[in-house]
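> Heads up: the sequence lines are chains A and B, in that order.
Taken in order, the first sequence gives residues 1 to 538; the numbers are from my numbering.
Taken in order, the second sequence gives residues 1 to 112; the numbers are from my numbering.
If you're looking for bench data, these hints aren't it; they were derived computationally from the structure.
For glycine and all other residues, C-beta sits at the position ideal for the given N, C-alpha and C.
Hints should not be assumed to be uniformly reliable.
Unchecked claim - Facing chain B, according to a computed beta carbon distance under 8 Å, are these residues of chain A, among others: (1) Tyr154; (2) Val175; (3) Ala188; (4) Tyr191; (5) Leu432.
Claimed, not checked - Residues of chain B clear of chain A, computed beta-carbon distances all greater than 12 Å: (6) Thr51; (7) Pro54; (8) Pro55; (9) Gln64; (10) Gly100; (11) Val104.
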Amino acid sequence: MAFLLTHLPILPILLPMLAGTLLLFSSDSRHGPRLALSILALLAQFAIALLLLAGSDGRLTLPWTESIGVYALGGWVAPFGIVLVVDRLSAIMVLLTATLGLAALVYSVARWEKAGVHYLPLFQFLLMGLNGSFLTGDLFNLFVFFEIMLAASYGLLLHASGGPRVRAGLHYIVVNLVASLVFLIGIALVYGLTGTLNLAELPLRIAALPATDRALFNSAAALLGVVFLTKAAAWPLNFWLPAAYGHAVPPVGAIFAILTKVGVYVLLRLGVLFQESGSPAPAPFGGDWLFYCGLATMFSGTLGVLSSQSLDRLAAFLVVVSSGTLLTAFGFTGTLLTGPAIYYLVSSVLGGGAFFMLIEMAERNRRVGADLLAISQEAFGVELHDEDTPDEQVGVAIPAATAFLGLSFVACVLLLTGLPPLSGFVGKLALLGAALASLPAAPLIHTGLFIAALLISGLAGLIALSRLGIRVFWDMARPTPHLQWLEAGPVAFLLTLCLGLALLPEELLALAEAASRSLYDPADYIGAVLSPVRGGQP
Amino acid sequence: MALIFSLAIGIMAGAGIYLLLRPRTFQVIIGLSLLGYAVNLFIFGMGRLQTGVPPIITPGSAAQYADPVPQALVLTAIVIGFATLSLFLVVLLAARGLSGTDHVDGKETDEN
Numbered sequence: 001m002a003f004l005l006t007h008l009p010i011l012p013i014l015l016p017m018l019a020g021t022l023l024l025f026s027s028d029s030r031h032g033p034r035l036a037l038s039i040l041a042l043l044a045q046f047a048i049a050l051l052l053l054a055g056s057d058g059r060l061t062l063p064w065t066e067s068i069g070v071y072a073l074g075g076w077v078a079p080f081g082i083v084l085v086v087d088r089l090s091a092i093m094v095l096l097t098a099t100l101g102l103a104a105l106v107y108s109v110a111r112w113e114k115a116g117v118h119y120l121p122l123f124q125f126l127l128m129g130l131n132g133s134f135l136t137g138d139l140f141n142l143f144v145f146f147e148i149m150l151a152a153s154y155g156l157l158l159h160a161s162g163g164p165r166v167r168a169g170l171h172y173i174v175v176n177l178v179a180s181l182v183f184l185i186g187i188a189l190v191y192g193l194t195g196t197l198n199l200a201e202l203p204l205r206i207a208a209l210p211a212t213d214r215a216l217f218n219s220a221a222a223l224l225g226v227v228f229l230t231k232a233a234a235w236p237l238n239f240w241l242p243a244a245y246g247h248a249v250p251p252v253g254a255i256f257a258i259l260t261k262v263g264v265y266v267l268l269r270l271g272v273l274f275q276e277s278g279s280p281a282p283a284p285f286g287g288d289w290l291f292y293c294g295l296a297t298m299f300s301g302t303l304g305v306l307s308s309q310s311l312d313r314l315a316a317f318l319v320v321v322s323s324g325t326l327l328t329a330f331g332f333t334g335t336l337l338t339g340p341a342i343y344y345l346v347s348s349v350l351g352g353g354a355f356f357m358l359i360e361m362a363e364r365n366r367r368v369g370a371d372l373l374a375i376s377q378e379a380f381g382v383e384l385h386d387e388d389t390p391d392e393q394v395g396v397a398i399p400a401a402t403a404f405l406g407l408s409f410v411a412c413v414l415l416l417t418g419l420p421p422l423s424g425f426v427g428k429l430a431l432l433g434a435a436l437a438s439l440p441a442a443p444l445i446h447t448g449l450f451i452a453a454l455l456i457s458g459l460a461g462l463i464a465l466s467r468l469g470i471r472v473f474w475d476m477a478r479p480t481p482h483l484q485w486l487e488a489g490p491v492a493f494l495l496t497l498c499l500g501l502a503l504l505p506e507e508l509l510a511l512a513e514a515a516s517r518s519l520y521d522p523a524d525y526i527g528a529v530l531s532p533v534r535g536g537q538p
Numbered sequence: 001m002a003l004i005f006s007l008a009i010g011i012m013a014g015a016g017i018y019l020l021l022r023p024r025t026f027q028v029i030i031g032l033s034l035l036g037y038a039v040n041l042f043i044f045g046m047g048r049l050q051t052g053v054p055p056i057i058t059p060g061s062a063a064q065y066a067d068p069v070p071q072a073l074v075l076t077a078i079v080i081g082f083a084t085l086s087l088f089l090v091v092l093l094a095a096r097g098l099s100g101t102d103h104v105d106g107k108e109t110d111e112n
């Protein structure tokens, strides 16, 4: 046990890798054991993530004892070897990944997992890439985990195949491949100028840069920023997102809800570390650029939400809006908004994931051809005809399916538009409060723009969701859908979690605040990583 | 050497970007691979251009060594780039098969 606790930070990466490899080499005919292995691996990841969070929050004594855990891979100390770093923020993100992954995986057991090959191993590899991106403390290692995550996401996006999906996937892959190449150029420039790729050592080296190299470094940072803004779906780099997310199969769409947040997370982390070097963070990582970029993203997402003709695209644009909100909050003057923004991130990822799964269930038995939702019919045309095949009845159908769908839809609307009493409201209220609280320091125009954008995007979401909700749920001629516990359960689980988030706002906001405080104290991060005693742990 | 090196990177990157913006999937994949080569050379160049020096520091000649880190980075980048390009090739073929055209949008532009 002590051995496992010592090696806890590497487990969120090793476990999905091992599970994925086993799944890859096991025969498709052993269906039951494969499913059991996948779900067990996710449950274990969930437990590990909980332990990591408890450890980094100081509630549990782990070998690293302080708030920042450093794991030196192979025992090579920090500037030379690659390290994994666990602080509150990365632990929260890993826990969020495991939670969403668990719900999406259980949901896909009922139907979607069988729509193509290698779904289960790809899912594990996606989680491995996500966890690695959150935990790594090395710039090039971040690139590698990004690529693992993206390679798995290419496969998952094309899951169940079909024309529109392949077309959307083609665009998604090209955009991400180009972004990866730009990422490499940025990394190479950073290494060429500073001679290090370690995130903790970077600020020290930047501070020592001669003034002549500073411009070159800023352009390297701008290149990196462009990459992360592309992943975070910031305007004008987000045109690939609605098609890709809207066409992915529902459980994949659900887990993709966290993919954009990886870009947001890296922007935040690198921005803080760049700031530590003594001068303001270079262009896209902080300040006005990020703020206005986020505002433009919120605006374009809101326009998309209002103009969406189908729930799939609407859900994708809601992801854009939540990304924009986070970017705006992180770009806001001062650090007061970051804590509430982390809370909002958790709530919007859980709500968005639930929404992606819910809309597929809600649209399942819609009358063919009698609606405006032509795009979704085309996308799901492949699956429509196998609706009645007997092998789909994995679980037991639940009673009162329509009531469940309606209630969940209302809950999702409340979450995603930020209406009381669910956690979306708490998050937005805390954001508004923090924006007002930072008023004397922040320009009035920024506060005004932020509050207006937050309220307008919520209102637009409400209008669009009510409009489409009426069309989907108050359709008299539509038969009652058959829902299984395996499908309804994960959605209910995510929504209950959001209710939990809303019931314990003080504790969780305090945790988010603590995460933000330790994030904005990069000296602690740097000290933890570069100290030979603590960093030298095997 | 520096001039030839930078010209090679520039020409490949330029050709790659041009091809990337073309409407055919085959042009896009060739453009991506050219751009990948340019980027790999660029990473390599970030270790400073030197020939005939070992990648380890020997006592007495600390300045005369080839930085091994960019070489390791290039190796990783080549492997990852190769894997993702082959994956893209499969998607390209699937798109060609499903849509009947090699246009990146899956339909010819003069039809809409």
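> Please flag the earlier hints that this structure goes against, numbers listed from lowest up.
Going through the list in order, the structure violates hints 2, 5, 10 and 11 and respects the others.
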